[in-house]
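S.K.: Here is what each chain is made of, one letter per residue.
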Amino acid sequence: MLDLSAPASAVPARGEALLSDRKAKRARRRRQLGPYLFILPTLVGICVFTVYPLISSLYHAFTNWSGLGAAKWIGFGNFQYLFTQDPTFWPSLKATGYFVLLSVPASMVFGLALAVLVNRAFVGVKLFRTIFYLPVVLPSIAVLTLWQYIYDPAYGLANQVLHALGLPASQWLNSQSMAMPSIVIIGVWGVGSSMIIFLAALQNVPQEIYEAARVDGSGAWRMFRSITLPMITPLLLLQLILGLSLSFQAFNQFQVLTKGGPNQATNVFMYKIYTDAFGGYSQLGLASAETWILFLIIMAVTAVVLKSSSMWVFDDRQA
Amino acid sequence: MRRIKGVVAGAAGALMALGGLTACGSGGSSAVGGGASGGGNTVTLVSWGTNEQINLFKTTLSQFTQKTGIHVNIIQQPSNEYVQKVDAEVLSKTLPDVFWCQNSLEQELGSQGHLYNWSSYMSGKAKGASSTGLAASKFSAGSLDLYRGANGALYGVPNESNTYGVFYNADLFKKAHVPLPTAHWTWPQMIADAKALTGAVSAHKGPGMQTVWSLLESPNGVSFYSVDNGGKPLAEPSSLVGVKKVQVGPKFMQGAALLRNAIKHGWITGPTFTGNTTEAEFINGQVPMVFGGQWIASDFFNAKPKMHWGYAPLPAGTTAQYAPAESNGFCSPSNLKNPLATWKVISWMDAHGFNYAYRRDPIAPIAYLPGSSGYLAGVKAQGGAAGASVEATVRQEINDKDALGTMFLGSWATKAGNTTTGVWNPALAGNKPLAPYVSKWVKAVNSFITGS
Amino acid sequence: MSAVALGHGIRPARRRVPLAHRVPVTVSRISWYALCTLLAVTMLVPLLWMVSIALKSNDNILQLPPKFFPTSYVWSNFVNGPAQIHFPRLFVNTVIITVVSTAGAVTSSMLAGYALSRLEFKGRKVFFYLFTFAIFVPSIVTIIPIERLFFGMGLINTWIPLILPSFFGNPLFIFLARQFFISVPHSIDESAMMDGASSFRIFRSLMVPLTKPLWITMAILAFQMSWNDYLSPLIYLNSPGRYTLSLGMATFMGTLTSGTTPQYNYYMASNLLYMIPPLLLFFFAQRYFMMGLGSLGLTNK
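Chains as they are written, first to last, in the working numbering: chain H, 2 to 320; chain G, 695 to 1146; chain R, 10 to 310.
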């Protein structure tokens, strides 16, 4: 019999209490599980498409696997070959280091310079920004073929420009000393995406700081050096890390333009891995060992850069 | 926004289904695999040829279909990353009935048991094989051996062959008062010509000869000099299949020294010359001599250069004039379902197909000599002294009874290649002492051979 | 204390006037335009060169010195070149594969990026490092193991291996997402949560519209990556009817050891057509793209 005199907000009956408690628990569990569902596809993806191949190649690095069929365990045989018997291993690392040392700073400097250049509100700047980004969108095979003709020692545009400036002609890609710088120049030409990223960073620096400096009579260069650069160091760090990782894995331009020559001047490690893997007789075991070496190098360099970052990266939380 | 995402998701699902359906039903693009698709009467052939070549193959194969009732489905595959594609087909067991193959890939796959053994068909012993008439004796010297594996198994049937020689600019020769190369010119004559023509082009005063193919200055190239002059080859057998060791003798060192001297003086480009723009420069009359394979000639014919030019063979030595044995091949998977039909296709292509196709688009002679007549006629028809010159040189080389392989065909070849790059090339370029580095090279390669 | 105040005749201390104030504005503006134009020309020359090669006739291609202007304008190359590789069919194939892949990549990466930057859960930081570390793994390592995986499942000669992986997250995009989400105020999440919305609801109705530059950037990059992908279509597709444009382009590049120079004029003509969709996409979504990429430059953590 219902007691209609009792107030509605009286203590609920025992059955109802259990029901709402269960609902609350379910809602809480959903809240706890929810995020995991969001990242589940990616988690599966990383495990299947990154971790599994990585582990598999680590195993194969210790075999003489040809890519098909059985793999015979040879212990450190591949590494022994690379470090002591392969006359292309150390020159390849040297060429890679040379490429990285040239191309990463070059693309950062030119990317930043271009960004500074287009960081104006002049009429037509948007068009210029698009045009500067254009090389990034062009298909690389077409671009590389064209650069091959630009660098032609006899008739290419490059030597014609040198001639017009009164400078002696160069052999460009055919010269042992100029081959790598020639390839780096192509990278600088395609620096559009760095430019965009730097541009946004530049626009993110608060104008008040510049105003205050201008009142004090600081020149443009002084402002750049003391305000702009420190403020964008977090981005410089990011660009540095990504740029290093990408340049260690650079390969396409070497395959099309120089094939590692002349005399191993441009025989970067990624190209060596590729020719060892698929040129002539496939040597996937050896290539796996080389890939792991490259991977460890990239990780080591990244770690060093990250460690040093606390010294030069400006963190505005500490300001 | 939500709606757009929903639409995209829905469209995605629909399109994937659609993609699956249309792919199944699209006519004329049946899936590749095992030969079982046409009930034994369809053979799938994969080629890396250009669109033009594929069309010519289609025409000649339709004649084949009329004659035999066997339908051939020819599929074009890009040549870029071809090895990865074939490897993928081996892994997924979807190798086509017959496909174009490089020698090294054929040897590797054959030794691992992935390829069909054509021995019984080539010898005529298999049922129905003799009717096709593809006789082993009519193949150019050494070419069949290139495709034999251990215990004589034949894992591929050679098709396009390569010849090597020197393209020369006759006008520049005349201007420098140097007699033109002849069919049996010698190694010293070749070097002397290069020397005489160095600096002959006022525009850039470059070397007399540019090498667009690394064979000449490689160990295998110097091996030619050795056998031409009565010495021993670098390795045996001459097909370079199943090599047990490499060795260099005095004639070999003589050849190496000859080339090294020429490179050092700047008469010939060095071992790592990339030669990216040499062809274009030759067409424009800027290069006196170009070492390369006969396939470059088709570029020259297409460009119709304004100068007089010709093609001279690999030079002769004091005792012989060896020609290269290098060939691509037709390969089939080991689980081939319809070997007889496939064999008929291969035989047709080698005996008739290339005659038709390369008469109209001359690329390369064929290892099966009767199948080269089309190519030779096609080259000659390109006209002029140049056409006749290329035809004569190729004809001479493919009919040469003395032949030598041009590349190592063993699992140790990759490591040997690295050693050539790092040890041999600097020695030949003159940057390192010749004798010690050559013996270093020999020692290293032998250790790879025994270790494989 | 200025010297003027001290007395008469004493010259006031000279202040260094920066260059920007001394040089008249018009000169600096003109030199800016001149420099930009010069750079723009160097960026555009290769594109114009492609067009010039595309218009050349067969015997003009290997000409040296390379003449910029063809002797005869063969406009039919734009028809004949693409026709050789059955361009329309490949175009449709590529569009389907690319659009679906892009949708998958954007969706999975947005979900993960949102969760990693806005939701509190255990191991969040570990997962983030795990995901972004994948950026450093050289891709050559992944080819054959993944091949075996797909082949083992019988997935050969279908588009599924080309599309499926994109539905499982992209490390670079996730990193980009996390950076971008920093700029979205937390107050929005908080007020929505107080209203009782689930995280998915917040994501779908609030975050996605707010982060338009982000997923447009992802879409542009994913589109470019899928549109230009060569190796995966090569490995997984056997029937030419199912090929993508990247494979079609490669068939122009001539044969292996015994081959001819590619037909550059047909190749460039087809390539120009091949380039148009990603170029158009970038052109129209440019503003968002720059905002999206630019988020990498945001520093307020």
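Simulated from the structure, these hints should not be mistaken for laboratory data. Treat the hints with care, as some may be off.
What follows is a list of derived Cβ distance ranges for each label pair [as the list claims (entries may be wrong)]:
(1) 301/H x 169/R: 53 to 61 angstroms
(2) 81/R x 873/G: 38 to 46 angstroms
(3) 91/H x 761/G: 34 to 42 angstroms
Stretches of chain R that chain G covers, calculated by requiring three or more beta carbons in the stretch to come under 8 angstroms of a beta carbon on chain G [to be verified]:
(4) 151 to 164
(5) 240 to 248
The C-beta atom is built at its ideal place from N, Cα and C for all residues, glycine as well.
S.K.: All the hints need checking, so say for each whether the structure fits it.
M.R.: Hint-by-hint comparison with the structure:
no.: 1; hint: 301/H x 169/R: 53 to 61 angstroms; result: violated, 37 angstroms
no.: 2; hint: 81/R x 873/G: 38 to 46 angstroms; result: holds, 40 angstroms
no.: 3; hint: 91/H x 761/G: 34 to 42 angstroms; result: violated, 60 angstroms
no.: 4; hint: 151 to 164; result: holds (count 5)
no.: 5; hint: 240 to 248; result: holds (count 6)
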